[in-house]
Amino acid sequence: MGAPSTSPAPSPPAPHEASPPNDEASPELPLLRLRCGVQQYAWGRRGASSLVARLSGIAADPDPAVPYAELWMGTHPAAPSAVLPGGEPLGAWLARHPAALGPAVAARWAGDLPFLFKELKDVIRTVPEVAGLIGHEDADKLMTIKEYHGGNDIKSSLQSAFAKLMTASKEAVSEAVNKLKGRLNDESKIRTLTEKEELVLSLERQYPEDVGVLAALLFNYVKLSPGEAIYIGANEPHAYLSGECIECMATSDNVVRAGLTPKYRDVQTLCSMLTYKQIFPEILRGVPVQPHVRRYTPPTDEFEVDCCLLPPGEVAVMPPVPGPSIFLVMAGEGEVQADSMSGGEKAKEGDVFFVPAHTEVSLSASGHASMQLYRAGVNSRVLYSSNAAAAAAAGKRSQLQNICDMAS
Numbered sequence: 001m002g003a004p005s006t007s008p009a010p011s012p013p014a015p016h017e018a019s020p021p022n023d024e025a026s027p028e029l030p031l032l033r034l035r036c037g038v039q040q041y042a043w044g045r046r047g048a049s050s051l052v053a054r055l056s057g058i059a060a061d062p063d064p065a066v067p068y069a070e071l072w073m074g075t076h077p078a079a080p081s082a083v084l085p086g087g088e089p090l091g092a093w094l095a096r097h098p099a100a101l102g103p104a105v106a107a108r109w110a111g112d113l114p115f116l117f118k119e120l121k122d123v124i125r126t127v128p129e130v131a132g133l134i135g136h137e138d139a140d141k142l143m144t145i146k147e148y149h150g151g152n153d154i155k156s157s158l159q160s161a162f163a164k165l166m167t168a169s170k171e172a173v174s175e176a177v178n179k180l181k182g183r184l185n186d187e188s189k190i191r192t193l194t195e196k197e198e199l200v201l202s203l204e205r206q207y208p209e210d211v212g213v214l215a216a217l218l219f220n221y222v223k224l225s226p227g228e229a230i231y232i233g234a235n236e237p238h239a240y241l242s243g244e245c246i247e248c249m250a251t252s253d254n255v256v257r258a259g260l261t262p263k264y265r266d267v268q269t270l271c272s273m274l275t276y277k278q279i280f281p282e283i284l285r286g287v288p289v290q291p292h293v294r295r296y297t298p299p300t301d302e303f304e305v306d307c308c309l310l311p312p313g314e315v316a317v318m319p320p321v322p323g324p325s326i327f328l329v330m331a332g333e334g335e336v337q338a339d340s341m342s343g344g345e346k347a348k349e350g351d352v353f354f355v356p357a358h359t360e361v362s363l364s365a366s367g368h369a370s371m372q373l374y375r376a377g378v379n380s381r382v383l384y385s386s387n388a389a390a391a392a393a394a395g396k397r398s399q400l401q402n403i404c405d406m407a408s
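All residue numbers for the sequence shown refer to the UniProt record's numbering, where the first residue is 1 and numbers rise by one.
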């Protein structure tokens, strides 16, 4: 299932302009400092080497044996953020202050945040270990299929081949992985291995005899540089391999796993739900919305992400929007000033703030290094199309009232 399509919407206000007056605008609500949940997954970096541990404040006394994998910012019940001081769950605070979400978000997502701060023929021809598990029948189908064949035919062939690979017996997978490892180690003495082949050997060292080592050959291998991003839609398989990133996702933890993990695997469900699209993901580099701020807008309603890289002494003003936001300071230090505050809040690496709807935020960097900050919020396309629809409805009501007044 692909991401939902959306129709064009009115443009949001320019970066330094305020939103148009809103009769339903919330009363002034405070900027909230948050304490966020840490998820410990086996693939996380351990102890003091983990950026997650550092951002969460655990870094002062991290357990060297614990994998600190993800820092969750939002209202997801698995690891909800807490409002400081006091520790009230953010979801509970929002239930008492629904105006902080703005009317469009509150109506659509029922008082929660909708976002949470997750080439084939060559393989068959050159990797006999994979071709052997897929089987001659499916391998032959894939080798003879043409791009102009119907989409359902291609999807059916891909699904059948992938299912054969993923459901192969442990013994068959173990034998194939060991054969592939031995062959690549031998060939590395006489030629330079490809990036994918080097990846396979690296994955095998982490997950010996795992079917995911073989499945990786069927996936796109994507390397992102700082400032780049990709959007992964529903039912698209993926695996994070190395490095650290900011991930924003719709508020859901419905993850189906089938390889490269010590967690429960549901291979049959995974094979039945995938889209089997043959595309390389688009690399998003963001669009400048004002000096020092770039916006990443995926083709989904729930969220967008702004990246602010603010040099020392510089100021950026984030205009009010009719929806809630979460701000994360990734590096550096400075000050966060909301229009509802009499004074600013000091901000440093690891600080997280909840910003209610209709709140202007001023950011300033101090010290000798730039302050790097991310904002996650509901997709502007949704917020401003909702506002436009509400304004149109209000106009119709007003017009109807005028007609009634004239009639009387």
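Honestly, I wouldn't trust all of these hints.
Straight-line Cα separation of at most 27 Å, BS3-like style, residue types lysine-lysine; simulated pairs [as the list claims (entries may be wrong)]: (1) Lys170 to Lys155; (2) Lys141 to Lys164; (3) Lys189 to Lys155; (4) Lys141 to Lys189; (5) Lys181 to Lys164; (6) Lys155 to Lys196; (7) Lys121 to Lys164; (8) Lys164 to Lys189; (9) Lys189 to Lys179; (10) Lys170 to Lys223; (11) Lys223 to Lys141; (12) Lys181 to Lys121; (13) Lys223 to Lys121; (14) Lys141 to Lys179; (15) Lys223 to Lys196; (16) Lys141 to Lys170.
Just the calculated beta-carbon pair ranges, DEER-fashion [said to hold, decoys possible]: (17) Ala92 to Pro128: 18 to 26 Å; (18) Pro98 to Val315: 28 to 36 Å; (19) Gly243 to Pro89: 45 to 53 Å.
For the record, the hints were derived by calculation from the structure and aren't laboratory data.
C-beta: ideal position from N, C-alpha, C; glycine also.
Evaluation of the provided hints:
no.: 1; hint: Lys170 to Lys155; result: holds, 26 Å
no.: 2; hint: Lys141 to Lys164; result: holds, 13 Å
no.: 3; hint: Lys189 to Lys155; result: violated, 38 Å
no.: 4; hint: Lys141 to Lys189; result: violated, 34 Å
no.: 5; hint: Lys181 to Lys164; result: holds, 21 Å
no.: 6; hint: Lys155 to Lys196; result: holds, 24 Å
no.: 7; hint: Lys121 to Lys164; result: holds, 16 Å
no.: 8; hint: Lys164 to Lys189; result: violated, 32 Å
no.: 9; hint: Lys189 to Lys179; result: holds, 16 Å
no.: 10; hint: Lys170 to Lys223; result: violated, 30 Å
no.: 11; hint: Lys223 to Lys141; result: violated, 31 Å
no.: 12; hint: Lys181 to Lys121; result: holds, 21 Å
no.: 13; hint: Lys223 to Lys121; result: holds, 22 Å
no.: 14; hint: Lys141 to Lys179; result: holds, 24 Å
no.: 15; hint: Lys223 to Lys196; result: holds, 12 Å
no.: 16; hint: Lys141 to Lys170; result: holds, 25 Å
no.: 17; hint: Ala92 to Pro128: 18 to 26 Å; result: violated, 57 Å
no.: 18; hint: Pro98 to Val315: 28 to 36 Å; result: holds, 31 Å
no.: 19; hint: Gly243 to Pro89: 45 to 53 Å; result: violated, 31 Å
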